[in-house]
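> Kindly generate the complete structure, drawing on both the sequences and the hints.
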Amino acid sequence: MEENKDTFKLGDKEFTSRFILGSGKYSMNLIKAAVENGGAQIVTLSVRRANTKEHENILDYVPEGVTILPNTSGARNAKEAVRIARMARELGCGNFVKIEIMGDTKYLFPDNNETIKATEELAKEGFVVLPYMFPDLYAARALKEAGAAAVMPLAAPIGSNKGLAAKQFIQVLIDEMDIPVIVDAGIGKPSQACEAMEMGATAVMANTAVATAEDIPMMAGAFKSAIEAGRKAHLAGLGRVLERGASASDPLTGFLRD
Amino acid sequence: MSENKHNDFFVDSGKLSEAALNRKHSLENDPSSRTSIYDYLPTQEKIESDIMDKVISEMNEYDYNSYTDMDVRRALRKETCSVEDFKALLSPAAYPHLSEMAERAKFETSKHFGNTVYIFTPLYIANYCENYCIYCGFNCYNDIARKKLSHDEIEHEMKVIADSGIEEILMLTGESKKMSSIEYIGDACKLASKYFKNVGVEIYPVNVKDYQYLHECGCDYVTVFQETYNAEKYETLHLLGHKRVFPYRFEAQERAILGGMRGVGFSALLGLSDYHKDAFATALHLYYLQRKYPYVEYSLSCPRLRPIINNEKINPLDVSESVLCQILCAYRIFLPYVGITVSSRETKRFRNGIVKIAATKVSAGVSTGIGDHEAKYTHTEEKDTGDEQFEIADTRSFNDMYGDLSGEGMQPVLNDYLYVG
Amino acid sequence: MVKINGNVENVDGQKLTDYLDNSEYRPGTFVVEINEEIVHKEDYEGVILHDGDTVEIVQFMGGGC
Numbered sequence: 000m001e002e003n004k005d006t007f008k009l010g011d012k013e014f015t016s017r018f019i020l021g022s023g024k025y026s027m028n029l030i031k032a033a034v035e036n037g038g039a040q041i042v043t044l045s046v047r048r049a050n051t052k053e054h055e056n057i058l059d060y061v062p063e064g065v066t067i068l069p070n071t072s073g074a075r076n077a078k079e080a081v082r083i084a085r086m087a088r089e090l091g092c093g094n095f096v097k098i099e100i101m102g103d104t105k106y107l108f109p110d111n112n113e114t115i116k117a118t119e120e121l122a123k124e125g126f127v128v129l130p131y132m133f134p135d136l137y138a139a140r141a142l143k144e145a146g147a148a149a150v151m152p153l154a155a156p157i158g159s160n161k162g163l164a165a166k167q168f169i170q171v172l173i174d175e176m177d178i179p180v181i182v183d184a185g186i187g188k189p190s191q192a193c194e195a196m197e198m199g200a201t202a203v204m205a206n207t208a209v210a211t212a213e214d215i216p217m218m219a220g221a222f223k224s225a226i227e228a229g230r231k232a233h234l235a236g237l238g239r240v241l242e243r244g245a246s247a248s249d250p251l252t253g254f255l256r257d
Numbered sequence: 000m001s002e003n004k005h006n007d008f009f010v011d012s013g014k015l016s017e018a019a020l021n022r023k024h025s026l027e028n029d030p031s032s033r034t035s036i037y038d039y040l041p042t043q044e045k046i047e048s049d050i051m052d053k054v055i056s057e058m059n060e061y062d063y064n065s066y067t068d069m070d071v072r073r074a075l076r077k078e079t080c081s082v083e084d085f086k087a088l089l090s091p092a093a094y095p096h097l098s099e100m101a102e103r104a105k106f107e108t109s110k111h112f113g114n115t116v117y118i119f120t121p122l123y124i125a126n127y128c129e130n131y132c133i134y135c136g137f138n139c140y141n142d143i144a145r146k147k148l149s150h151d152e153i154e155h156e157m158k159v160i161a162d163s164g165i166e167e168i169l170m171l172t173g174e175s176k177k178m179s180s181i182e183y184i185g186d187a188c189k190l191a192s193k194y195f196k197n198v199g200v201e202i203y204p205v206n207v208k209d210y211q212y213l214h215e216c217g218c219d220y221v222t223v224f225q226e227t228y229n230a231e232k233y234e235t236l237h238l239l240g241h242k243r244v245f246p247y248r249f250e251a252q253e254r255a256i257l258g259g260m261r262g263v264g265f266s267a268l269l270g271l272s273d274y275h276k277d278a279f280a281t282a283l284h285l286y287y288l289q290r291k292y293p294y295v296e297y298s299l300s301c302p303r304l305r306p307i308i309n310n311e312k313i314n315p316l317d318v319s320e321s322v323l324c325q326i327l328c329a330y331r332i333f334l335p336y337v338g339i340t341v342s343s344r345e346t347k348r349f350r351n352g353i354v355k356i357a358a359t360k361v362s363a364g365v366s367t368g369i370g371d372h373e374a375k376y377t378h379t380e381e382k383d384t385g386d387e388q389f390e391i392a393d394t395r396s397f398n399d400m401y402g403d404l405s406g407e408g409m410q411p412v413l414n415d416y417l418y419v420g
Numbered sequence: 000m001v002k003i004n005g006n007v008e009n010v011d012g013q014k015l016t017d018y019l020d021n022s023e024y025r026p027g028t029f030v031v032e033i034n035e036e037i038v039h040k041e042d043y044e045g046v047i048l049h050d051g052d053t054v055e056i057v058q059f060m061g062g063g064c
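Residue numbers (numbering that gives the first Met the number 0), protein chains in the order written: chain A, 0 to 257; chain B, 0 to 420; chain C, 0 to 64.
Don't read these hints as lab results, they were simulated from the structure.
Here are the computed lysine-lysine pairs in the BS3-like style, where the Cα-Cα straight-line distance is at most 25 Å:
1. B:K110 <-> A:K166
2. B:K77 <-> A:K166
3. B:K291 <-> A:K123
4. A:K78 <-> C:K40
5. B:K53 <-> A:K4
6. A:K143 <-> B:K53
7. A:K143 <-> B:K291
8. A:K8 <-> B:K291
9. A:K52 <-> C:K14
10. A:K116 <-> B:K291
11. A:K52 <-> C:K40
12. A:K231 <-> A:K4
13. C:K40 <-> A:K123
14. B:K53 <-> A:K8
15. B:K147 <-> B:K176
16. A:K52 <-> C:K2
17. B:K77 <-> A:K231
18. B:K375 <-> B:K158
19. A:K116 <-> A:K78
20. A:K78 <-> C:K2
All values reported here derive from a predicted model rather than from experimental measurement.
In structure tokens:
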């Protein structure tokens, strides 16, 4: 496959970069460098109460041409998520939305049931809906049915940097779903992003891992390289050696007569 | 492997009238005398589905000679077998890897099924047929003894079979809606659910509401063989009757699912056309339905052409036992969760071997004739029976099969199933 | 009294446009929602803040996972 043709689509937009960068937890003046070093074409933002004192706006720091992916963080149910999504769209940066609904403040796990409801409503309203979800096959199917443009299963508890704790279940989604699977949350280092891509994920989203690095732009670049490497390995047909013990000395096919 | 390059299917019976013979010959020799295989009959329901188009176009694009030894090795190393890997495993490049494929298949089979092998029996209740499928013993121009069992005769056969220990039954008819109506088949299903825990049918394809009716009568499994997925070839094999309508047959499993059936079975009849493409399309047909209806049970069969009454020479051409084994291993590696049935068309030796690798279901106590179970089971003389669809190769009774499987270290299972409506 | 971004303010009867002009929100970067209904920019003119209204004025901030 030619490298320049390896793209994926969300809504009617086509992307070559498979690194989705979160913009939380670090200062605005580093965002531009992080986006550029990371080669990210999609950046997530949140919607918050406006500040009258501060005239700086994050949009000033997001390079031209980057797709804004507002999230609904703060929503505790479908209704709140829909409300936040509508406000985000009104801000005039397109119709993408990442649904995040957390009904549990201890673990911050996404609530799949509410997420399905919000997805259905927002897809009907013409949003390109990217739901953050717990990696459950039934929920993923319901989200697709509800009109999701992709699913974003968590790799590990949010902010945990634990990597692919949910690997087996994410692999099932990759194998079974006909829409992009974007691995989200819990990715702590580039090697884990690489592994997700090797598994066949469409893209990887990272934020905390970049935001907490000593050199944020350099870490963004490290993620870019890792994600590209993992993608190439996937396309190159990486195979895992199965350990199934020694070969039978008496071949299983000895009974055949032709 | 057979030396024959093709089968000679056409046989004329001296009992046919001149008009019938003329019609038969014109169907055989003049394609313009035949209807289009894409035209649904007025009674045939059309459902919304894109699966046929996907399967047929991917099958047409499948260039099995383009796969290399490398592709096969890679496919065998991978944990999850993709469609691309499956294509490699069905290709000629995989043939030298049969032994490794068998080991991988065995591993996959045991992951999902352990050592279990299900035993069932088919029961042919009528052999009237309105189709002219040139390879089939039941075809409407073939001179055979026809019979349709009465209600009491069906019940008698079922008693004989149930007494032998069988708990799962597959009821078959020839394809004649006139002689074997849905009500007739429904009554047979009701009877069957009295004697057996699991009831399936292999009958002419019907509309959703008829599948719904059969399901209400206790039937839970529908098997339909597409015979070949090559539409051009299909056209030259199924010259007359409702079976000629290729897409209606293709969509039968989906209609059965929509009618509430718990499981559906698929197959190509290997030896009719290019087996690489037919095996590929069969598995892909199942694969796409599984993605659309993930709650349904799926199974594959793998019949090869067999001799029929009045044509002893019919054979499976290039589908040797080793090729069949390759196909079954590829099926198993690509679709580890599906049931794979190997019928009595295959020998005892082959079936004993293949259940250790890929097959999960075998038939026993089989007759493809009509109303002759008692005679076959008790070795008494047959009386007033209908002729057989094809010759079987493995004549083992249920008891022999059970004993043989146990002796080979397998665990025979009669039923693991609960009808829940 | 009107609740604006969580703060109770005595702006009953004030025009929305006046309120926004007096506050120092940077034009073009925020969205106004009154009682859970979004007010489109072209509709700002003519909107009066009433006693008991709940107003949210929001903008994009950094956010991710």
